[in-house]
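Listed here are the chains, written in short residue letters.
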Amino acid sequence: MVSVNHYLILSLLMFSIGVTGFVIRKNAIVVFMCVELMLNAVNIAFVAFARMHGNLDGEIAVFMVMVVAAAEAAVGLAIIIALFRNAKSVDTDDAAELRL
Amino acid sequence: MEGLPLLSTIIFLPLLGAVMLYLLPVCKPASDSDGEVSRYTALIFSLMTFVLSVILLVAFVPEQTDMQFRESASWIPSFGIHYQLGVDGISILLVLLTTFLMPIIILASRSVKDGVRAYLFHMLALETAMLGTLLATDVFLFYIFWELMLAPMYFIIGIWGGKRRIYATLKFVLYTVFGSLLMLVAIFYSVNAYAALHGEYTFDLAKLQEGLVLSRNVQIWLFAAFALAFGIKVPLFPFHTWLPDAHVEAPTGGSVVLAGVLLKMGLYGFIRFAYPLFPLGAQVFGPYLALLAVIGIVYGALVAWAQSDIKKLVAYSSVSHLGYCVLGFVAFNVASTTGSLYQMLNHGISTGALFLLVGVLYDRKHTRLIADYGGLAAKVPVFAFLFLVFTLSSIALPLTNGFIGEFLILSGSFQTFPILTAVAVIGVILGAIYMLGLYMKTMYGELDESKNGDLTDVNSRELLVFTPLFALVFVMGIMPGPFLRVMTPTVESYVQNVQAKMVTVAQEELDYDFNPAEFSPDTVLSKRRGEASPLAQVRFEGGLQ
Amino acid sequence: MANVSMVDVLFALPILVPSLGALLVLLLDVFLEENWPRGIFTGVVLVGTLGAIKYVSDASGVETTLFSGVLYHDPFSVYFFLIITVTAALTLLMSEGRLRQEGIENPGEFYALYLMATAGAMIFVAAAELITLFLGLEIMSMALYCLCGSAVRLSRSSESALKYFFLGSFSSAFLLFGIALLYGLTGSTQLEVISENLVGSNSFVVAIAMGFLLFGFIFKIGAVPFHFWAPDVYQGAPTPVTAFMACTIKASALGAALRVLWMLFVENYEYYQIWSDAVWMIAILTMIIGNVVALRQRSLKRMLAYSSVGHAGYMLVAFLAPMEWGGGAALLYYIAGYGVMTIGAFGVVLAVTAAGAQERDGDDITTFNGLGNSSPVLAALMTLFLLSLAGLPPGMAGFVGKFYVFSAAVSGGYTGLVIVGVLCSAVSCYYYLRVVVAMYFIPAEAGAGDASVAPTVGLSMGSALGLCAGAVLLLGLFPSFVYDSAKLIVSGLY
Amino acid sequence: MEHSTVVESAQHLTHHVTTQGAALGIIALLPLVGSFLAFVIGKKNRDSAGWIATLAAALSFGCVLNYFFALPEGGAFEHRVFEWFSAGNISVDFLFRFDQLTAVMCLVVTGIGSLIHLYSIGYMAEDESRHRFFCYLNLFLFSMLLLVLGGNLLVLFVGWEGVGLCSYLLIGFWFKNLSFAAAGKKAFIVNRIGDAGFLLAIFLILLNFGTIDFVELGQRIGGASTELYTLIALCLFVGATGKSAQIPLFVWLPDAMAGPTPVSALIHAATMVTAGVYLLARMHYLFVLAPLAMVVVCTVALLTSLVAALIALVQNDIKKVLAYSTVSQLGFMFLAAGAGAYWVAVFHLVTHAFFKACLFLGSGSVIHACHHEQDMREMGGLGKIMPWTAATYWISTLAIAGIAPFAGYYSKHHIITALQTSGESNSLMLAYGECFATVATVVAVLTAFYMTRSACMTFLGSYRGHSHPHESPKTMVLPLVVLAFLAFVGGYLLEHQLSLAGYLHSVLPVHAHGESEGFLASLLHSWPGFLGVGLALLLYTKLTVVPAKLYGLVPPVSKLLADKFYFDEIYDFLIVKPLYLFSFGLWKGADQAVIDGSVNGTAAVVDMTGEVVRVTETGQLRHYGLFMFAAGVFITIFYLIL
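Residue numbers (the numbering used here), protein chains in the order written: chain A, 145 to 244; chain B, 2 to 546; chain C, 494 to 987; chain D, 2 to 643.
Misleading hints may appear alongside valid ones.
As the list claims (entries may be wrong) - Pairs of lysine-lysine, BS3-like flavour, derived with a Cα cap of 25 Å: (1) B:Lys452 - D:Lys550; (2) B:Lys442 - D:Lys177; (3) B:Lys380 - D:Lys550; (4) D:Lys177 - B:Lys366; (5) B:Lys164 - B:Lys366.
Stated by the list, open to error - What the simulated footprint calls covered on chain C by chain D, stretch by stretch (three residues with Cβ under 8 Å from a Cβ of chain D suffice, anywhere in the stretch; the number is not a length): (6) 661-675; (7) 721-734.
To be verified - Sample of chain D residues lacking proximity to chain B, with all beta carbon distances greater than 10 Å (derived): (8) Val8; (9) Ile42; (10) Lys45; (11) Arg47; (12) Leu72; (13) Phe86; (14) Asp128; (15) Ala182; (16) Ser428; (17) Tyr464; (18) Val482; (19) His506; (20) Leu539; (21) Lys560; (22) Val613.
If you're looking for bench data, these hints aren't it; they were derived computationally from the structure.
Heads up, the beta-carbon is just placed ideally off N, CA and C, and yes, glycines get one too.
Could you build the full structure based on these sequences and the hints that come with them?
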């Protein structure tokens, strides 16, 4: 029987993968995907909890999060493009003019 | 005088003057290119303040030992903070010293060439802050004015100072702020302890003095915080190193006001706040403060001897002289405390005058090195004469003002700390050594014509600056009675009160001990759980049973 | 349940006005000529918002929530609405006519995003429910990401946007996970319900949830150890945006955090211990690191960023001080005081950094050399703001704010924390005064171009700075006016 | 003596019939006004200054005479000018008291002072700033009168410091010469060392007896421990050694000769330097209670007189000889005081004032004549050129030599007798009395010798100098004559006609002394004087080659004497230089390096912390993410879970 815990573990795993990717990857697009991955991991948790509690709050939350994720995609890609226009690179390591 | 808030007027009149400097069209740089009109405007305001403070002195009743001319208005009611003023025998003469020195400083501001208006603005603002510090009887108000003294002084040193002015002024401000912020914490603690006992917040000094009951251990900590703030300001050895830097770099007026009034604020703080609020802490710290004071006396004198810069020498002599004041106060009997207060006035006059004299030289030759002078007595006899008089006042020759203070201090503190005082007497010798050494090296010997042949004697304006100081040196040395009579009744009752507190509270000896664990939030939780009862009730009142 | 009454809509007007205003700006931008007065329009919208807030505050007799428990409608929200709107308006006022100088090429978008961020900030602070909270946060943040990058041709601007965007989303993901965990524990996203149901829950999971929530909030507040973005983003973003972030956004994040964390964990004594331990540590680190690192900065915006980190530390001290002894009220006061003095300081930076200086370290401290001579009023105002930030009279607002905060903390028994706080405060004097040193004590280098020329201060900038200065003085001289009402407002929370 | 007897006697000696309201202040005020006028008017008209000052001094002398004659036996005048200051348990009146001791002192001060003022008119006639000189001189008179008129220790102290100041100003009168100025400074500072002891004594007295009024103090004396009396007495004596140039603080006096010669006569011979003796006499009731202190006084005094006399033997500067002679004679006065014979000390003080003032003025006259040449080797044969000066100088030499019936004999003879009998009143002195007396006799021989030597070298033989000496003007000669007359008959008068002992017995302990001796006996008793004078005459008029040979006999000894036992060098090496180096080290080492270093160091540490922490700001997105995540995990685990 697949219990809430299993979903939670999956969610945590995805979240961790997202975090790890965020920390180790340099390509802005990939980093961005990792963030999306983290959001979706939370979505899984929400759905699982909603199921557990038997109310819809969690599922509504998921919709909201998806909307946010979509908006984030728009904003994020726009920013990456702007960066690319200025720096000719989407490598986050190159965007280190502001430091110290 | 009924109805006119005299103290507020005295405090804020200089500030009004400062603002007027910028509002009056005649003071605009366009119509007042050499700053002459500004100088007169500032002079008029500072003189008005002085006149008012003389009126205050006349109306003052020396026999009445508590605060007079009280003013009180609620300011921040939720914390029991009042705009509250008052003057008593301890503060009144310091107020007079402040208002007396300011016109002199403004008169002597001729040496400031650039930004006269701003200079005068800062000076007048500083006067307001100093007067507020002296007259505030609410701890919060006092603290505000106390901190307010910093900013103008910071600019005065920073803008019109010497080569290393930035270093000096930053050091001055940071050092002072460092001390006073810790004092702020102690103030919070006291106020909260009071609130815990009496169920209301108050920053009223009288109420705190009356109602604050703290155990010895707590008092030690709180007193230490206050002592640090005030000790830095005094400056007490070993917190004195900002002073020589600040003095050397400050313009003449800045040095005068720094030595004349600002340093006194530290000791005034001890007298007004630290001792009455924490008598047990004071009892414990008293001997150590005396020790530091005596070290300061001898040390300051010795180091002054080694200086080659006149201003630095006088600065270190201040360390030594303030050591006497502190020693006199912490010896804590009527004679020594009176002497200490008196010596504060004397130091303001004689050291202030010495800085003005150095300023006269500096204006002409732009050097403060002893080695650059010599044999001036022949060239500038009036200057030499004035220099001699203030030197003698500084080394406390009888019939000058310095002697009365020094004698009262030493003979008074001899009753409390005989050995330490005996050591302090060495300072009397050393004082003669470095001051007369300075005098000899600058005034006596052959005049170097090529260097100082063109030196001119003090002009009439400078003479006007020195005359009142000169007169006071002798008036206060020969007839100290009128001055002492203003302060002695207050000092007597003050010393009695505080000493009584030292005794009675020591007998009750609270069992509540200062607990460092209180620094951690662990204890807070448990206290929070103890239903709505204010936490402090557990902490402060518990000990009283 | 799903009844949306007219009253709800009316009471939500402070949020709706700027939101609609944002849409209108975008719409009008399409139809009107190139140079239509967008700034004035935005200002009108914000004034309208103020009117709406007035209306709401007058009407708020009964405490209630709007839209069936989505938004709070209480004095606390109103207070923050007010702070958010006023700081936003002040920032707008001072940036009037200076957008191009900052490299912002599309003012229409700028103003729309600006209003949107304002609305988001209000939702964030008023949310009575965690998903709404998240939405508010994202609305605000998303707009801000864009605002940071609104100087599209400046690589610094895009870089700051990139950093802010990624780190912001990163932290909101954590916040969201925390929300999910709480939802899992209690079955609700309503704050009040969660607070009730949390009692007796698995404290391990609660702790993790708390940690994740803290992550999110503290990131927005800009406290150590989640402060890394702040200096880079503050420096890179156009100055008006930086000011907006430093004041408006920080205020709203603090408001939201205060309400949420307080309701969830502090009121539940069970969790108070772990909560206070963690925040204690964070507060100390924030004060120390913020102030100490600021010592070494040459870029003024960067220095102010670290200073804002340091101030976040002081505010966390207030956070920690128990509310019934004035912690909350102190925080509310502090936010107000901090807001005006920071805007003022950034305003002067904005005025002094000349056009196009973004790329060339235009905010380097040497830019300020000799300002006291070339532009005495500006220098005097800057001095006032800096002294206030340092907590020294005559910068009264900052002084009284610190006074309230530390006093409350001492009442709460956090004397050690306060000692660290005041020491850091003493350290902070150094870097604030360094600017004063530059302005007054060091003459401008001859022929250094921008520096020696007196900066122009227009009517809008002048009035904004004047208002800020007035507020700094008045808040400090008559603090009871704000503090007493803050006390009342906070008393509604517990 | 029993403690109670001593106390009783002290109480008795301070029990005056006091008369209030006498305007004693006028005595002191006159010279003060004179000082002011001499400067102000003298500034316009230089010549008037001297006359104004002299007039003021003379008027003051007149006042003193007036009170002297009005003073009833065993009585005193008091003048409470005003309450000076009072705070707590300390209350000090500006109080003048005129009793027999004060009367004697005042007469000496104003009398000799007037003469020296008169003398100075001639001596300083050519000086550009003589108005300043007379201003200082009158100021000195004012201070000295405060000192002797003061009815309590503090007024005395005012005068005490005041004379110190005037001495400083007058020694450094020709301040363009830096070494003169330095001598003035040295005098002031060495005096200050003594003053510190004096101050401590005042504090101790105030603390233990609650008063500093001489009369009240005398009444309250008794009851305290001997140690306390000894401590107080020693502290007072430290003060006295400073002012009266005793070992170890005598080094300033020879240097003080840098001042104009009248100053040396007035301040550094006749009056100021005797203030220490006056102090001891004034506080006699404390000293008699401290036998040990008396022994210390005696020992120090004897040592001083011997050392100074030895040094004086080989000096060639006429004023230096007189200076060391003064130190030596002051030692004699302290010997008397230490032996308990205070009135004898005062006696010698008075006679010494006569002959030493005369000697100094005489030397001044010589120096004036020789155009400021002070080396006796450049003089000689002046007796013929300036007979008045020579005659008075010789009379005074005989007086100081202690040859009857000249003044010095009587006081010196009393001193030696007092030493011999000192054991009677002070058991500690029993063993040493004779010994002290013997050494004192030796010193007396030495005194006679070196003084005669100086007189011989100056006035006998033939002139060895290069200028054209001349006799001094009348204003200078007149005082010489008066003083010489006093040096001649003063001792006899005070011993037999005026009976100083009887006059002072109501204020000072006067022990019954043997009946007056006949003239022949006194001649017999002046054998040390005859011996010294004779020897010197022999060596410096007949066997003139011998002194040089003697001098070369044991070079180390003569060098030691010529170099004044290296006191200055030793002080310089042991105290002054190390202290200055210490100060310098304190400044550079302690103040700048340690104290300021730690202040700046703290700031630097904070600054460096900033620099170190700044390293985390890499500007790299990934790092920030990692840091944040790690910190988040850390906080969660460490605080929230653990």
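Can the restraint linking Lys442 of chain B and Lys177 of chain D be considered satisfied, given a maximum Cα separation of 25 Å? It holds: about 11 Å lies between the C-alpha atoms, which stays within 25 Å.
Interface exclusion of Phe86 of chain D relative to chain B, criterion Cβ beyond 10 Å: Incorrect as stated: the minimum Cβ-Cβ distance to chain B is 4 Å, not above 10 Å.
Nearest-CB test (10 Å) between chain B and Leu72 of chain D: At roughly 27 Å from the nearest Cβ of chain B, Leu72 of chain D sits farther out than 10 Å, so the non-interface label holds.
Between Lys452 of chain B and Lys550 of chain D, does the CA-CA distance stay at or below 25 Å? Since the Cα atoms of Lys452 of chain B and Lys550 of chain D sit roughly 52 Å apart, the hinted pair is violated (cutoff 25 Å).
Could you check that no beta carbon of chain B comes within 10 Å of the beta carbon of Arg47 of chain D? About 15 Å separates Arg47 of chain D from the closest Cβ of chain B, which puts it past 10 Å; holds.
Are all C-beta atoms of chain B more than 10 Å from that of Val482 of chain D? holds, 37 Å
Measure nothing beyond the straight line between the CA atoms of Lys164 of chain B and Lys366 of chain B; if it is 25 Å or shorter, mark the hint as holding. With Cα atoms ~16 Å apart, Lys164 of chain B and Lys366 of chain B stay inside 25 Å; holds.
For the region 661-675 of chain C, do at least 3 residues have a Cβ located nearer than 8 Å to some Cβ of chain D? Since three or more residues must qualify, the claim that chain D covers the region 661-675 of chain C holds, with 3 doing so at under 8 Å.
Minimum Cβ distance from Val613 of chain D to chain B greater than 10 Å, as the annotation requires: Val613 of chain D is indeed farther than 10 Å from all Cβ atoms of chain B, at 20 Å.
Taking the minimum C-beta separation from Tyr464 of chain D to chain B, is that value above 10 Å? Check passes; 33 Å lies beyond 10 Å.
Take a quick look at Ala182 of chain D and tell me if its Cβ sits farther than 10 Å from every Cβ on chain B, holds or violated. violated, 4 Å
What's the verdict on Lys380 of chain B and Lys550 of chain D, does the C-alpha distance respect the 25 Å limit or exceed it? violated, 50 Å
The structure is inconsistent with the numbered hints 1, 3, 13 and 15, although it conforms to all the rest.
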